[in-house]
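Protein chains in written order, with numbering that gives the first Met the number 0: chain A, 0 to 516; chain B, 0 to 306; chain C, 0 to 363.
The hints are simulated quantities; they were obtained by calculation from the structure and are not laboratory data. Be careful, since some hints might not be right.
As a list, the in silico DSSO-like pairs of lysine-lysine whose alpha-carbon atoms are at most 27 Å apart [unchecked claim]:
hint	chain 1	residue 1	chain 2	residue 2
1	A	Lys377	C	Lys230
2	A	Lys391	C	Lys230
3	A	Lys391	A	Lys377
Partial pick of chain B residues on the chain C-facing surface, computed with a CB cut under 10 Å [stated by the list, open to error]:
hint	residue
4	Val77
5	Ala87
6	Asn88
7	Leu90
8	Gly95
9	Asn97
10	Leu99
11	Ser103
12	Leu273
13	Leu275
14	Leu282
Each residue gets a CB set at the ideal place from its N, CA and C atoms; glycine is no exception.
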Amino acid sequence: MALLELSGLTKRFGAFTALDDISLLIERGEVHCLLGENGAGKSTLCNLVFGVHRPDAGTMTLGGEPFDPRGPAEALQRGVVMVHQHFSLVPNMSVAENLMLGRASAVLKPQDIIVRMEQLAAEYGLEIDPEARIDELSVGERQRVEIIKCLLGDPQLLVLDEPTAVLQPGEIDALLAICRQVALRGKSVILVTHKLGEISRVADRTTVLRQGRIIETVTMEGADIRSLVRSMVGRDVQSAGSVLAAAVDIEGKTPAKPSDAAGPVSPGEAVLQISDLVYRDPHGVPRLDGLSLTVGTGEIVGIAGVEGNGQTELGLILAGLAAPSAGAIVVGGTQVGGCTPQEITDAGVGIVPEDRHAVACIKELSVAENLFLGAIGKFSRFGLLDKSARRKAAEAMMRDFDVRASSPDVSMASLSGGNQQKAVLARELSLDPLVFLLAAQPTRGLDVGAIEAVYNRIRAARDDGLGVLLISSELEELMAVSDRIAVIYRGKLVGELAAGAFSREAIGAMMSGHAHV
Amino acid sequence: MIDEQMAVFIGSGLRLAVPIIFAATGEMLSERAGVLNLSLDGMMLMSAFTAALASWATGSPLLGVAAGVLVAMAVAAVQAVLSVTLRANQLVVGIGFNILALGSTTFLYREIFGPLSRDPIPGFAQLNLPWLAHIPVIGPALANQTGLAYVSILMVVVTWLILKYTSFGLAVRAVGEDPRAADKAGISVAKTRYLGVLYAGILAGLGGAFMSVADSNTFTENMTKGAGYLAITAVIFGGWNPWYTLAACLLFGFATALQFLVPALQLDVPVALLLLLPYLLALVAIAGFVGKSRQPSALTIPFERGG
Amino acid sequence: MVMKNPKLARVAKGARLELVPLQVLVPVVSTIIALGIGLLIIAATGASVLEAIEAFWDGMAGSDFNIGASINRAISLALVGLGFIFASRANLTNVGGEGQIAMGGMFATAAALHGAGDLPLGLAFIVPLAVGTIAGAVWGGLAGFLKAARGTNEVISTLLLSFIALPLVYWSVESFHLLRKPISDVSSLPESAEIPDTTKLPLLFPDNGSPLHIGLLIAAIAVVVVWLVLKHSTLGLRLRAVGLNATASRRAGMRTSFYVILAMTVSGGLGGLGGAIMILGQQFYLTSDFSSGYGFDGLVVGLLSRGSAVGVVIGALLFGFLRSGSINMEISAHVPSAVVLICQGLIVIVIAGSAILTNRKVTR
Numbered sequence: 000m001a002l003l004e005l006s007g008l009t010k011r012f013g014a015f016t017a018l019d020d021i022s023l024l025i026e027r028g029e030v031h032c033l034l035g036e037n038g039a040g041k042s043t044l045c046n047l048v049f050g051v052h053r054p055d056a057g058t059m060t061l062g063g064e065p066f067d068p069r070g071p072a073e074a075l076q077r078g079v080v081m082v083h084q085h086f087s088l089v090p091n092m093s094v095a096e097n098l099m100l101g102r103a104s105a106v107l108k109p110q111d112i113i114v115r116m117e118q119l120a121a122e123y124g125l126e127i128d129p130e131a132r133i134d135e136l137s138v139g140e141r142q143r144v145e146i147i148k149c150l151l152g153d154p155q156l157l158v159l160d161e162p163t164a165v166l167q168p169g170e171i172d173a174l175l176a177i178c179r180q181v182a183l184r185g186k187s188v189i190l191v192t193h194k195l196g197e198i199s200r201v202a203d204r205t206t207v208l209r210q211g212r213i214i215e216t217v218t219m220e221g222a223d224i225r226s227l228v229r230s231m232v233g234r235d236v237q238s239a240g241s242v243l244a245a246a247v248d249i250e251g252k253t254p255a256k257p258s259d260a261a262g263p264v265s266p267g268e269a270v271l272q273i274s275d276l277v278y279r280d281p282h283g284v285p286r287l288d289g290l291s292l293t294v295g296t297g298e299i300v301g302i303a304g305v306e307g308n309g310q311t312e313l314g315l316i317l318a319g320l321a322a323p324s325a326g327a328i329v330v331g332g333t334q335v336g337g338c339t340p341q342e343i344t345d346a347g348v349g350i351v352p353e354d355r356h357a358v359a360c361i362k363e364l365s366v367a368e369n370l371f372l373g374a375i376g377k378f379s380r381f382g383l384l385d386k387s388a389r390r391k392a393a394e395a396m397m398r399d400f401d402v403r404a405s406s407p408d409v410s411m412a413s414l415s416g417g418n419q420q421k422a423v424l425a426r427e428l429s430l431d432p433l434v435f436l437l438a439a440q441p442t443r444g445l446d447v448g449a450i451e452a453v454y455n456r457i458r459a460a461r462d463d464g465l466g467v468l469l470i471s472s473e474l475e476e477l478m479a480v481s482d483r484i485a486v487i488y489r490g491k492l493v494g495e496l497a498a499g500a501f502s503r504e505a506i507g508a509m510m511s512g513h514a515h516v
Numbered sequence: 000m001i002d003e004q005m006a007v008f009i010g011s012g013l014r015l016a017v018p019i020i021f022a023a024t025g026e027m028l029s030e031r032a033g034v035l036n037l038s039l040d041g042m043m044l045m046s047a048f049t050a051a052l053a054s055w056a057t058g059s060p061l062l063g064v065a066a067g068v069l070v071a072m073a074v075a076a077v078q079a080v081l082s083v084t085l086r087a088n089q090l091v092v093g094i095g096f097n098i099l100a101l102g103s104t105t106f107l108y109r110e111i112f113g114p115l116s117r118d119p120i121p122g123f124a125q126l127n128l129p130w131l132a133h134i135p136v137i138g139p140a141l142a143n144q145t146g147l148a149y150v151s152i153l154m155v156v157v158t159w160l161i162l163k164y165t166s167f168g169l170a171v172r173a174v175g176e177d178p179r180a181a182d183k184a185g186i187s188v189a190k191t192r193y194l195g196v197l198y199a200g201i202l203a204g205l206g207g208a209f210m211s212v213a214d215s216n217t218f219t220e221n222m223t224k225g226a227g228y229l230a231i232t233a234v235i236f237g238g239w240n241p242w243y244t245l246a247a248c249l250l251f252g253f254a255t256a257l258q259f260l261v262p263a264l265q266l267d268v269p270v271a272l273l274l275l276l277p278y279l280l281a282l283v284a285i286a287g288f289v290g291k292s293r294q295p296s297a298l299t300i301p302f303e304r305g306g
Numbered sequence: 000m001v002m003k004n005p006k007l008a009r010v011a012k013g014a015r016l017e018l019v020p021l022q023v024l025v026p027v028v029s030t031i032i033a034l035g036i037g038l039l040i041i042a043a044t045g046a047s048v049l050e051a052i053e054a055f056w057d058g059m060a061g062s063d064f065n066i067g068a069s070i071n072r073a074i075s076l077a078l079v080g081l082g083f084i085f086a087s088r089a090n091l092t093n094v095g096g097e098g099q100i101a102m103g104g105m106f107a108t109a110a111a112l113h114g115a116g117d118l119p120l121g122l123a124f125i126v127p128l129a130v131g132t133i134a135g136a137v138w139g140g141l142a143g144f145l146k147a148a149r150g151t152n153e154v155i156s157t158l159l160l161s162f163i164a165l166p167l168v169y170w171s172v173e174s175f176h177l178l179r180k181p182i183s184d185v186s187s188l189p190e191s192a193e194i195p196d197t198t199k200l201p202l203l204f205p206d207n208g209s210p211l212h213i214g215l216l217i218a219a220i221a222v223v224v225v226w227l228v229l230k231h232s233t234l235g236l237r238l239r240a241v242g243l244n245a246t247a248s249r250r251a252g253m254r255t256s257f258y259v260i261l262a263m264t265v266s267g268g269l270g271g272l273g274g275a276i277m278i279l280g281q282q283f284y285l286t287s288d289f290s291s292g293y294g295f296d297g298l299v300v301g302l303l304s305r306g307s308a309v310g311v312v313i314g315a316l317l318f319g320f321l322r323s324g325s326i327n328m329e330i331s332a333h334v335p336s337a338v339v340l341i342c343q344g345l346i347v348i349v350i351a352g353s354a355i356l357t358n359r360k361v362t363r
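Same shape as in the complex, but just chain A (with noise of 0.2 Å):
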């Protein structure tokens, strides 16, 4: 008898259906996979299994018995435990807190939770030190720590949430070895991805979702990769070339080319020189550690590495959000290290933020108070806005960028990611003087159609003799669209490759500190 059976789940929010009768058995022992693309529905599969959301159809039942969990609480009292894509521990606490959080008796017995933790130390060789501070521990420490709760109260059914994406190549075999050890100990274990190699590694079963839906479960052992992908993505990845390879990770699959068909201007002079950049965090941790860096007019460099290795201090700098401890930063002759964003704007650096919501527009405004967001005063009379004339420019422009909205005074909150994302490129690209771009994580949590338009915008560019740097974490991405790949290993740069000379084993083997090319 099947763990788990879900039958006919569906779950809306709005009027958006999410998830549309989702019927799906999970065996005792099993490792089961969940694979789709961004907005497929896994996520939201796995907060009903646990309870932080409830279904608006359709039943589930554990261990035969029925199961309808009105929140985590319930679901953690049936043995269902949930490792989330971001961590849900409390970040001033000591490990041993966090584990005694909601589940401990009435007087906490700290004792009682250091002896459990040398026993799945001993079982799993999950080892960390109970007395540390959440805060002070890395990712992958954090990790092993939701792991550790989860599997102290001995549960039935263990679900990992993309629990890869923040990890290093060492630490994700760990991972995927500790699924496995669970996995045959008699427990069940949804793991959700979107990477195929992992799931090759590790699955017993994998269903495919898209876009709400079931489009099948396959057991592993002699599956064809191609045709899971075929269900993911909904068409054929030959045709689609190496964005859709990009946005599934194929294991061993290489990239056609390294540019598109135009190729890429010869670089010309520096636009962008980086030298020495220090950056300490507010605790004194050095999260950039001397990096040096050049692009030169004409060319996309882009910036490998695992998440956390001072990517986004990097972005935050050139940003003009956070002062560099030390070193220089020159955009075409003017020194704008530590400047004020307006000041690092004039010198003609555009910037594609990688967390949009937060920096790069404000959801809540419209479309046009988006696009003109630096640039308030320039449809104004007497301080007065002259929302005609603005309404009026913002049209050209989202007929130029592709920008589909029904006008430009709805809410940024109301497009697409992909189309805030093409409003975003809209305003950078059109900053003048322009003379680079920084693009961090630009087509994360997008559709396969805007990704595609965000890499011709990138390349266009590129074309027109802006310096770019594409900072990502999709090694796939940076491959297909960068003319040449620096890797960054914490806080520094430790390896380049130019186009032409691309692997992935290489990059990999820096971007987890091993080799130096």
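Starting from the known structure of chain A, arrange chains B and C on it as the hints suggest.
Just chains B and C now, kept in the frame of chain A:
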């Protein structure tokens, strides 16, 4: 002469501190859970009035305290519904309750007590603990307190134990710091916050009742005179720590008592400046100019479970 | 949360359209309910409800004098309310109206008593008004500075600043070397001397006995200016942007600290102007509790208006008339004016509690 004045000063400082200690201690726990009750003053005022009324009607100050606490808990319960379940602006709701409390107690006082003589209502006697009285200087002031005053210190200890050694305390801290994480650990954010607000209500009720049935044996209009705000100030000044909050309450109590001592000693310090001293200290503290106290991250932020 | 398809966007837009009447409906309904409860309470005391209403009406609008006095009260409330919505445009909650009124009134009194009285061309009252405005602006701006420089929650700081301002006023009227009137007078209450006649605000209708003064014009101008700035100016848009998302605004080149301080300074200045007008327009001398309750009433007016300048005008008139009526009701019909406080408290609580209705969003 000086000794006698010192004894009076210490005695009145302690008496003035007790209601703030009660209210601030409860409020501290509630704020650790993420809910700020600006309505604290309203809870105290309503409790002070209800305790006076019940004590006068039944002749039992103990029943008075019980009634006062019940009314304060009722206010706290409504505050919790509004700020936890309905996710209303906690500060605005609190101000609304304070206006309502001032209006309703003033109105009822005039309607019920208005025509009556102003005899003292039945109150608690002072305990006069002989073993405390022998301590030099502070002894007599410490010994001549009502039982409720000692309860306030007991509540500080209890609250500290709850926060440090119980899973409820752990839940309170987690919910105030990172409600999303607490929720996913299986803790009910709403339940924890409801309990936190009710706890603040119980203690504010004790503080308010102390003012009318243990301290002055009467009720006067707006008798809290902003003691609830002072208690919130003490929590901020105390950096959300029970012992520092206690110290802040004592400091504020003595600062207020200074206004009686200063004229008696014929010192030329304006009383008004003594009155604003606690607030000034709190402002300096919250602006981070002294020490490093960090408020709970989720303070005043309603929690809504998201995807 | 990001919305993924156009269908959902349309739904969101539809929901927002339906909000407009709700935003008006909630304050209106809660005011009516609160007043109804007030009447029930009056009835429960055994007093004649008709008599109470009559006394109430008489106090509000029974004569030219009463109408003028009610509107004069509304003027100060409107200014505090405008200050509240100005700050809230930048997502800041200024609950320190009481302290800003107190500072404005105190400094206006000081200016009127010390020198301004002899100035020509109406400067005799303009200068004290300006001084009061600046005093309020400093008091509000201080909270803005603490927010921008130290991240101090402006709700707590404005509240604390109010509790600091009130003893300062008390200090000024009980100290002879400050504003207390000389002891040689008949009474020796702790209050200031009366301000010179030249510094009193000119009356609009000096012939019919109405106390209505030119503060009405000042308030009217303030309403129009605040409305223009908040709804149609680049400054209003910048304030809104900073309030909604400080990081994105900073990235777009705005000096966010500047706008936070500016919003609180203007907000406090409007409160200070309200306090100055109270002294120069109707009270004429400073007492330690002259501002009593006006700050919270003004805050309630700002809340009721839901960010609209027109709403502030309506709310201020409502509360101005309520206050006048309640005072007369207590004198003539012996119904405690505290009933009106109960109504006000209920209005605030109900409106705050119903925010979940008016602010609901389509979340994912």
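Structure-based check of each hint:
no.	hint	result
1	Lys377(A) / Lys230(C)	holds, 17 Å
2	Lys391(A) / Lys230(C)	holds, 20 Å
3	Lys391(A) / Lys377(A)	holds, 13 Å
4	Val77	holds, 8 Å
5	Ala87	holds, 4 Å
6	Asn88	holds, 5 Å
7	Leu90	holds, 5 Å
8	Gly95	holds, 3 Å
9	Asn97	holds, 8 Å
10	Leu99	holds, 3 Å
11	Ser103	holds, 5 Å
12	Leu273	holds, 8 Å
13	Leu275	holds, 4 Å
14	Leu282	holds, 5 Å
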